[in-house]
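**Student:** In case you want the letters, here they are:
There are 2 protein chains.
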Amino acid sequence: MKSFAVGVDLGGTNLRVAAYSHGSEFLETIQLPTRRESGREAILIELCGAIERLLARYSGQFQLEGVGIATPGPMELPEGRLLILPNLPDWNNFQLKNELEARLGTPILVENDANVAALAECKYGQGREYGVESLCMLTLGTGVGSGIILQGRVWHGMNGMAGEAGHIVVYPGGAQCGCGSLGCLEQYASATAVVRMAHERARQGDAPGITHLALKKPKFSSHDLFLLAKAGDVQALEVFAAVGRALGVSLASLVNTLNLELYVVGGGLASAWELFEPEMMNHLRQCSSIFRITDPDLGDGQRMAAAKTFIAPAKLGSDAGLLGACLLPFTVSVSSSLQAQNIA
Amino acid sequence: MKSFAVGVDLGGTNLRVAAYSHGSEFLETIQLPTRRESGREAILIELCGAIERLLARYSGQFQLEGVGIATPGPMELPEGRLLILPNLPDWNNFQLKNELEARLGTPILVENDANVAALAECKYGQGREYGVESLCMLTLGTGVGSGIILQGRVWHGMNGMAGEAGHIVVYPGGAQCGCGSLGCLEQYASATAVVRMAHERARQGDAPGITHLALKKPKFSSHDLFLLAKAGDVQALEVFAAVGRALGVSLASLVNTLNLELYVVGGGLASAWELFEPEMMNHLRQCSSIFRITDPDLGDGQRMAAAKTFIAPAKLGSDAGLLGACLLPFTVSVSSSLQAQNIA
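Quick note, the sequences are listed as chains A and B, same order. Our numbering applies: residue 21 is where the first sequence begins, and numbers increase by one. Our numbering applies: residue 21 is where the second sequence begins, and numbers increase by one.
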């Protein structure tokens, strides 16, 4: 009998639940708005209802592998306790794993959304394309999430908080971050940061395109700025170059620390890849001797090492989180696996 | 029959070789000057001679577990090819592992010295003290080396170059580093950096203590500056505070990325721990929300997470490299072990 899993992508805007059979497409997906105004209990009832419908529908035909949940924001493992969810404040400190296990009577795997997106990208996106089992993925959205996959499984660190590369300090003493620090990558490479940097640039004057956009549409988005830049606006292009510089410096630190085969940049802002890629690669080459040694764009005669370090835009789109949640029951974390080996 | 290993610490100044029986002290150590002026072949003959003497002496009494070599600078694995050794230039690109295996007729494990020091510190230093099996160690010497140990074994990355945290970019566009980048940690937290920063501070004027030291002893060392700072010299103390700031920012990026239990600071400059520790901890707290959540100095009522992140000075001294080389044959790298599991 083939096995299946149920995955949930619990976002601040939408709640998506899917049944998935390994190696195939989604069997079925359910999408509901996350009714934040109704409070946590109402959302939990809807969530459990959707999971139970899918469990009931597919349990006869397939063997249940498990249920995986992707949540926004950091989570403490192995307890599965949510920490701070800016978009779902009444979920702070909530024991999500225990609560769902009690309600559904089945083991639940929980993971933050950046980690599951990285897992999906590794198994079915660029990881498969490049034939590698380890990668680090940066997700450029409202914030900058990130996940590290080592040999096919999420690297959790000691309590599930590994891979917060969005909070690598790029510019000490720089822009204030929501995390309390200054100069985090998130403040230079998220959709929010792009809009902030554009407003800052307009305030400096001599940026007619951005100033015009801001007058026409005071709450313009990163996509509006993307279109302006694509039309050749020099100051809008500068903003995306700043994104590239921050990404390049941060990727250099990741390459120097982790030495993985592949680094993937995803999330909504990654659609501006062509605009930030040149400066990102310039700064990565400048800031990482390990990258220079393994740069795949240099010929073998020039490179010193046999291995290559690839940087690529994500292949999977907005389904990555939901797919990753479905894949969770089919994988084991590196740390639990190593613990299971019980090596002295 | 108890097993033993032979370990080598191949430094730019000294060549140290030891026989070691697991769980005991060194059985015997041999120390020779690294006669760089005689060239690579002469050093290799001395090295192999010393290894063979120890192999012959202890092979009857103990079972040979293997031979481990610690080398300065990066190395490409699994080939064991040295890349760039600033202190041993005629060893660049040398196939150390193959060459020694051919000469000695026994398998050789090679690893860079920062990685083996981290391994020794994990097994017999602060790792044992704190009861953890994972740590990241920064070694503050002439440069800044670093090694990452995950569940008791060296994390190599794809080709042995992981853990080059000395080249995390702390200040983009900052001081020129030997690696070609600007603003690397190594340029703010090595013994070399301390001396450079002190000279820079003296040139700015109004630093009578450092200016006097430089006049009296133009080639003063980081230890001379340490003594000046310990005597209360304000500008010398400022230099060590700058070391602390750079370490704090870099540790924050490591904590946010790796989420390990323990980060150890070793190497000669770590003897100035009391001078740089306050600013290091200030900046770490400021730059890492994950550290703040898991700060062991906060009471359990204030901390959000059950787990704690420790920062500690190294316990093992200059023997860490030699001990780590001896431990290599008793451990397996995480990546090879994961490969051995052959997980789909």
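No lab work stands behind these hints, which were simulated from the structure alone. Computed from a predicted model, the values in this text were never measured in an experiment. We treat Cβ as the ideally placed atom computed from N, Cα and C, and that holds for glycine. One or more of the hints may lead you astray.
To be verified - Covered stretches of chain A (chain B as the covering partner; in silico rule of three or more C-beta atoms under 8 Å from a C-beta of chain B):
(1) 78 to 88
(2) 216 to 226
To be verified - Beyond 10 Å from chain A on every Cβ pair, some chain B residues (computed):
(3) 125
(4) 183
(5) 288
(6) 307
**Student:** Hey, is residue 307 (chain B) genuinely clear of chain A, shortest beta carbon separation above 10 Å?
**Tutor:** Violated, because the least Cβ-Cβ distance between residue 307 (chain B) and chain A comes to about 5 Å, which does not exceed 10 Å.
**Student:** Quick one: see if chain B covers the segment 216 to 226 of chain A, three-plus residues with Cβ-Cβ under 8 Å.
**Tutor:** Our answer is that it is violated, as 0 residues pass the Cβ test (under 8 Å) against chain B, missing three.
**Student:** Can you confirm whether chain B covers the segment 78 to 88 of chain A, using C-beta to C-beta distances below 8 Å and requiring at least three such residues?
**Tutor:** Answer violated; 0 residues pass the 8 Å Cβ test.
**Student:** Does residue 288 (chain B) sit more than 10 Å from chain A, CB to CB?
**Tutor:** Holds: least Cβ distance 22 Å, greater than 10 Å.
**Student:** Does the claim that residue 125 (chain B) lies outside the interface with chain A hold up, using a Cβ gap greater than 10 Å?
**Tutor:** For residue 125 (chain B), whose nearest Cβ neighbour in chain A is about 26 Å away, the distance exceeds 10 Å, so it holds.
**Student:** Take a quick look at residue 183 (chain B) and tell me if its Cβ sits farther than 10 Å from every Cβ on chain A, holds or violated.
**Tutor:** Per Cβ check, residue 183 (chain B) is inside 10 Å of chain A; nearest 7 Å; violated.
Violated hints, listed in ascending order, are 1, 2, 4 and 6; each of the other numbered hints is respected by the structure.
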